[in-house]
Amino acid sequence: MRKSVFSWGGVFLLLLFLTGCTKDLYDDTVREEQLKHYVAKLSDLPMVQQHVQRQKMKRAANRDAGIDYWSLINLDKVIVLEDKEGLQSFTFYVNLPDTNKLTNLVVKEKIDGSYEEYLFEYISNDLQQWLQDNRE
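Counting with my numbering, you get residues -4 to 131 for the letters of the sequence shown.
If you are wondering where the hints come from, they were derived from the structure by calculation, not from laboratory data. Among these hints, one or two may not hold up.
Unchecked claim - Below, simulated DMTMM-like cross-link-like pairs (lysine to aspartate or glutamate); rule was C-alpha separation at most 25 Å, straight line: (1) K36 x E112; (2) K51 x D121; (3) K72 x E111; (4) K96 x D71; (5) K31 x E77; (6) K36 x D59; (7) K96 x D63; (8) K105 x D78; (9) K79 x D63; (10) K36 x E116; (11) K31 x D63; (12) K105 x D121; (13) K103 x E80; (14) K96 x D107; (15) K103 x D63; (16) K79 x D39; (17) K31 x E80; (18) K105 x D59; (19) K103 x D78; (20) K31 x D121; (21) K96 x E111; (22) K36 x E111; (23) K105 x E80; (24) K36 x D78; (25) K36 x E80; (26) K53 x D78; (27) K53 x E80.
To be verified - Computed spacing ranges between beta-carbons, pair by pair: (28) H32 x K105: 15 to 25 Å; (29) A60 x G81: 25 to 35 Å; (30) D121 x R49: 17 to 27 Å; (31) N69 x P41: 15 to 25 Å; (32) N120 x Q44: 20 to 30 Å; (33) D78 x K36: 18 to 28 Å; (34) D39 x K103: 12 to 22 Å; (35) P41 x Q123: 31 to 41 Å; (36) S38 x K105: 17 to 27 Å; (37) L91 x K36: 17 to 27 Å.
Don't be surprised by glycine CBs; every beta carbon is placed ideally from N, CA and C.
Generate the whole structure from the sequences, applying the supplied hints.
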């Protein structure tokens, strides 16, 4: 009887493990299908380019607002992500000198055609090595 319980327990654990693996593969496939991405220059994205120019003009009018991230973004390498609804987000690397932070400015398209912005900062002791390894 004990051997039978252990055998069925082993079969149950094996099935549970395989089910979990199948779910992980399914989730990865679904994510890949829902999110298209590519790299572009800002000049190839006219609507976003207009938004960036408007934000730069607003920022120039308000010089007391702290760091001007809009003037520090990399315009030659914009990471474009498109979700399954066709809405896009645009990630710009922010060139902040002498810092241990990786900073990205993300412009996200909304359903009504407007944009919202987010600033993401990543802190790492190995940032310089990471940047060196990931430059193209």
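Status of each hint after checking the structure:
1. The hinted pair formed by K36 and E112 meets the criterion: a straight-line CA distance of about 18 Å does not exceed 25 Å.
2. Restraint check for K51 and D121: the C-alpha separation of about 31 Å exceeds 25 Å, so the hint is violated.
3. A distance of roughly 19 Å separates the Cα atoms of K72 and E111; the hinted pair therefore holds under the 25 Å criterion.
4. Between K96 and D71 the alpha-carbon distance is near 20 Å, which keeps this suggested pair within the 25 Å criterion.
5. At roughly 5 Å between alpha-carbon atoms, K31 and E77 fall within 25 Å of each other, so this suggested pair holds.
6. For the proposed pair K36 and D59, the alpha carbon gap of about 29 Å is over 25 Å, so the pair is violated.
7. A C-alpha spacing of about 16 Å is found between K96 and D63, which places the hinted pair at or below 25 Å, so the restraint holds.
8. Distance restraint check for K105 and D78: the Cα-Cα separation of roughly 12 Å lies within the 25 Å cut-off, and the hinted pair is therefore satisfied.
9. Taken as a hint, the K79 and D63 pair is broken in the structure, with Cα atoms around 32 Å apart against an allowance of 25 Å.
10. For the proposed pair K36 and E116, the alpha carbon gap of about 22 Å is at most 25 Å, so the pair holds.
11. The straight-line distance between the Cα atoms of K31 and D63 is roughly 30 Å, outside the 25 Å bound, and the hint therefore fails.
12. Between K105 and D121 the CA atoms are separated by roughly 35 Å; this puts the pair beyond 25 Å, and the hint is violated.
13. At roughly 13 Å between alpha-carbon atoms, K103 and E80 fall within 25 Å of each other, so this suggested pair holds.
14. Distance restraint check for K96 and D107: the Cα-Cα separation of roughly 33 Å exceeds the 25 Å cut-off, and the hinted pair is therefore not satisfied.
15. Between K103 and D63 the alpha-carbon distance is near 19 Å, which keeps this suggested pair within the 25 Å criterion.
16. Among the hinted pairs, K79 with D39 is consistent with the structure: their alpha-carbon atoms are about 22 Å apart, no more than 25 Å.
17. A C-alpha spacing of about 11 Å is found between K31 and E80, which places the hinted pair at or below 25 Å, so the restraint holds.
18. For the proposed pair K105 and D59, the alpha carbon gap of about 28 Å is over 25 Å, so the pair is violated.
19. Straight-line distance between C-alpha atoms of K103 and D78 comes to about 11 Å, which keeps the hinted pair within the 25 Å bound.
20. With a C-alpha separation of about 29 Å, the suggested pairing of K31 with D121 is violated against the 25 Å cut-off.
21. The hinted pair formed by K96 and E111 meets the criterion: a straight-line CA distance of about 22 Å does not exceed 25 Å.
22. At most 25 Å may separate the alpha-carbon atoms for a hinted pair to count; K36 and E111 meet this at roughly 19 Å.
23. Straight-line distance between C-alpha atoms of K105 and E80 comes to about 11 Å, which keeps the hinted pair within the 25 Å bound.
24. Restraint check for K36 and D78: the C-alpha separation of about 19 Å stays at or below 25 Å, so the hint holds.
25. For the suggested pair K36 and E80, the alpha carbons sit about 23 Å apart, so the restraint of at most 25 Å is met.
26. A hinted pair counts as satisfied when its Cα atoms are at most 25 Å apart, and K53 with D78 does not qualify at roughly 29 Å.
27. A threshold of 25 Å between alpha carbons decides the hint, and for K53 with E80 the separation of about 30 Å lies outside it, so the pair is violated.
28. Judged by the Cβ atoms, the range 15 to 25 Å given for H32 and K105 holds: they are separated by roughly 19 Å.
29. A hinted range of 25 to 35 Å for the beta carbons of A60 and G81 is consistent with their spacing of about 33 Å.
30. The hinted window of 17 to 27 Å between D121 and R49 is violated, with their beta carbons roughly 36 Å apart.
31. Checked against the given bound of 15 to 25 Å, the beta carbons of N69 and P41, roughly 18 Å apart, stay inside it.
32. Checking the proposed 20 to 30 Å range against N120 and Q44 shows it is violated: the Cβ atoms sit about 36 Å from each other.
33. In this structure the supplied range 18 to 28 Å holds for D78 paired with K36, their Cβ-Cβ distance being about 22 Å.
34. Taking 12 to 22 Å as the suggested C-beta distance range, the pair D39 and K103 conforms, at roughly 18 Å.
35. Look at P41 against Q123: about 35 Å separates their beta carbons, and that is inside 31 to 41 Å.
36. Restraint check, S38 to K105: a C-beta distance of roughly 23 Å satisfies the suggested window 17 to 27 Å.
37. Checked against the given bound of 17 to 27 Å, the beta carbons of L91 and K36, roughly 21 Å apart, stay inside it.
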